[in-house]
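Turn these sequences into a full structure, and let the hints guide you.
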Amino acid sequence: VVVLGEDIGINGGVFRATLGLFDKYGPTRVIDSPLAELSIVAVGIGAAMNGLRPICEIQFADFIQPAYNQIVNEAARMYYRTGGTFTVPMVIRTPYGGGIGGGPIMPAGAAGALRALRRDHSAMAPTMPIIRTPTAAVST
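Each residue of the sequence shown is one higher than the one before, starting from 1410 at the first, in the working numbering.
Calculated from the structure, these hints are not laboratory results. Quick caveat: nothing in here was measured; it's all calculated off a predicted structure. Positions of the beta carbon are idealized from the N, C-alpha and C atoms, including for glycine.
FRET-style restraints, in silico, Cβ to Cβ: (1) 1448 / 1426: 15 to 23 angstroms; (2) 1433 / 1489: 32 to 40 angstroms; (3) 1486 / 1461: 15 to 23 angstroms.
As structure tokens, this is what we get:
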């Protein structure tokens, strides 16, 4: 398994989801990439076709549009194009929401809806976590 994306190495990603992985697994398995979403996904496709299990992190869902051609026309169709010779077992992780204010940066603010339209993709989105606030002590 390799993880690649923007600022995921030493910095641990925007939401610190990969914090500590760089120290534990090193720069060959936790790869900081340039700001190039298309390239992150393209490298992930190549890695998956060559036996690795990449997890490609796109910093925010609003940034996924530049990589959409690679996702739809390359990763999703590779099995059929090669007559079953190659598969592309990869994960594309792209957080959205998370309490960050402001609107979408790119026109496709609902990036999950675009992926859900394809029958050969799976889009998963967890519900919001429960935010617990301190409550007054309850006497029993």
